[in-house]
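Top line first, the protein sequences correspond to chains A and B.
Residues 1 to 314 (UniProt numbering) are what the first sequence spells out, left to right.
Residues 1 to 314 (UniProt numbering) are what the second sequence spells out, left to right.
Among chain A residues calculated to face chain B with C-beta under 10 Å, some are:
{"#": "1", "residue": "I205"}
{"#": "2", "residue": "L206"}
{"#": "3", "residue": "A208"}
{"#": "4", "residue": "Y218"}
{"#": "5", "residue": "T219"}
{"#": "6", "residue": "T221"}
{"#": "7", "residue": "L226"}
{"#": "8", "residue": "P294"}
{"#": "9", "residue": "L295"}
{"#": "10", "residue": "C298"}
{"#": "11", "residue": "L299"}
{"#": "12", "residue": "K304"}
{"#": "13", "residue": "R309"}
Hints were generated in silico from the structure; no laboratory data involved.
Note that the structure is a prediction, hence the values are computed from the model and not measured.
We treat Cβ as the ideally placed atom computed from N, Cα and C, and that holds for glycine.
Protein chains: 2
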Amino acid sequence: MGNLSYAIVGTGALGGFYGAKLQKAGNEVHFLVNSDYQQVIKHGLTIESKDGDFRLPQVQVYNQVEKMPSCDVVVVSIKTTQNHILTQILPPLVKDDSIVLVLQNGLGIETEIAQIVSNVNIIGGLCFLCSNKIAPGHIHHLDYGKITLGEYATNYNAVGITERMKAIFQDFENAGIEIELTEDLLLGRWKKLMWNIPYNGLSVILDATTDEIMADMYTRTLVEQLMKEVQLGAKSTGRIIPDSFIQTMLDYTVKMKPYRTSMKIDFDENRPLEVEAIVGNPLRIAAEHDVSLPLIRCLYQQLKFLDNRNRGDR
Amino acid sequence: MGNLSYAIVGTGALGGFYGAKLQKAGNEVHFLVNSDYQQVIKHGLTIESKDGDFRLPQVQVYNQVEKMPSCDVVVVSIKTTQNHILTQILPPLVKDDSIVLVLQNGLGIETEIAQIVSNVNIIGGLCFLCSNKIAPGHIHHLDYGKITLGEYATNYNAVGITERMKAIFQDFENAGIEIELTEDLLLGRWKKLMWNIPYNGLSVILDATTDEIMADMYTRTLVEQLMKEVQLGAKSTGRIIPDSFIQTMLDYTVKMKPYRTSMKIDFDENRPLEVEAIVGNPLRIAAEHDVSLPLIRCLYQQLKFLDNRNRGDR
Chain A
1 MGNLSYAIVG TGALGGFYGA KLQKAGNEVH FLVNSDYQQV IKHGLTIESK
51 DGDFRLPQVQ VYNQVEKMPS CDVVVVSIKT TQNHILTQIL PPLVKDDSIV
101 LVLQNGLGIE TEIAQIVSNV NIIGGLCFLC SNKIAPGHIH HLDYGKITLG
151 EYATNYNAVG ITERMKAIFQ DFENAGIEIE LTEDLLLGRW KKLMWNIPYN
201 GLSVILDATT DEIMADMYTR TLVEQLMKEV QLGAKSTGRI IPDSFIQTML
251 DYTVKMKPYR TSMKIDFDEN RPLEVEAIVG NPLRIAAEHD VSLPLIRCLY
301 QQLKFLDNRN RGDR
Chain B
1 MGNLSYAIVG TGALGGFYGA KLQKAGNEVH FLVNSDYQQV IKHGLTIESK
51 DGDFRLPQVQ VYNQVEKMPS CDVVVVSIKT TQNHILTQIL PPLVKDDSIV
101 LVLQNGLGIE TEIAQIVSNV NIIGGLCFLC SNKIAPGHIH HLDYGKITLG
151 EYATNYNAVG ITERMKAIFQ DFENAGIEIE LTEDLLLGRW KKLMWNIPYN
201 GLSVILDATT DEIMADMYTR TLVEQLMKEV QLGAKSTGRI IPDSFIQTML
251 DYTVKMKPYR TSMKIDFDEN RPLEVEAIVG NPLRIAAEHD VSLPLIRCLY
301 QQLKFLDNRN RGDR
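For reference, chain A alone in the conformation it holds in the complex (with noise of 0.2 Å):
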């Protein structure tokens, strides 16, 4: 049985899957549901895992906040372009010493939920999880799974290994969820984005998968002068990669099966990008550090044409 008790903000295809897990495993969980809600209420989750497959009949299932009990840990699991409403969704799910757990992409998210809720402690997870939601309440897990958590403190500092974050790892590890802890979560944070900002910002702009890009020679060039940006902007607040970080990416990458990001897949089912997040709040960032990431930015502007163009055609 699991100790903690959960709210889950998001119920698709990352907090829909981690959530599932978690109950499976005995842990108390309580979903939010938005359109998916009658669906839900009446088949329950459906997961199709390279793991195992299994249904949860009934869950318990909310499409009003204010009808949610409030929980040990609030999972924060929308896309960063819905954070909008977190304003109205986190103070009637939270207490005193709740956690939020922040499963998103980007830089900065922790900060601005911070400023929303003053009473929590905020833990910052970074899921390598390749799943989709294929319908209502079914969802289909494909690869990886593993979280790396780090908890969060008033300008990022580095707060080590937490008593909060060793309960959530063992909850996770009962239900089967690859975890690790980090000591540094702004860290972990830039490391994500070494990946994420060359490779979801070109298979946006370019409409290419990772193998495309990795195979010509002057956007492989390009990838790599993106994560030397990013080691710079990681630089600009305190946070040393090394070198030998950026080949392991490019390495790894090239190593991946053919790959659609999840920005890609974004941009092709005419969603909102999560520019903000993974491009613009690092770019932010490092300039408040006095620090300028020209390829970013171009990326960054590029995004936001093609973001905004897809949207006004919908």
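Chain A is fixed; fit chain B onto it per the hints.
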């Protein structure tokens, strides 16, 4: 009657148009034609123009350069992507003191031509012409048409206004072609690149027309930043373009009719892009003067990727 004889190397939308105007005005003109040879030998050239339509039922047309006479002026009006054929074509066409008139986009072409034929004078021409070849031997002139001429000397040293330039000026003016002379070819080429690099580049990368690029605040800013890098490139070769010229280009483009750039047209028709002449050469020339232009390099890398894939798709 014109004074000079002309060989037109590349009887397309540009060379065909100017060559026909020159013949109509009484100049001796010899047209080198590739795929349209049979059509042009039978039916001549047809020009549909906003300045008045006309036909030349008979023109001196060739599909082999060896059969052409050497001429006073050899007009190079193929696309720069075909310039590898110039090593075969130019030597038999020129005589001592011929003028090679380079009506092409980009930078550095005159230097390449000087290496192929050393006994000639080279004049570069910047064409502001909007015209299309709509069928074999049939050209549609939509708008503009002005040519700016500057004479080339080693290292692009400015040589002022020469007698040769004046002779061409006379013929072109007689033919009803708007023409102006510049004392500094390199400055003229950089100024044209200030428009060509951002708009040609972004139109292909973002699948956009000029009005879309200018309507979005992000890409509008990116255009301006790219123009500033062109300004830096010009400065690296000792040419000063004032800031006011950037503003003029931006204002001019906002006022233009929505425009699909020539590089975008090439891309849409699966033709090779003039990336090297328009983007690669300026980058390399600035680099030779120890100036790096990171945004233009980013554009270059993206365009090379798209160009390679586009031609692979054929």
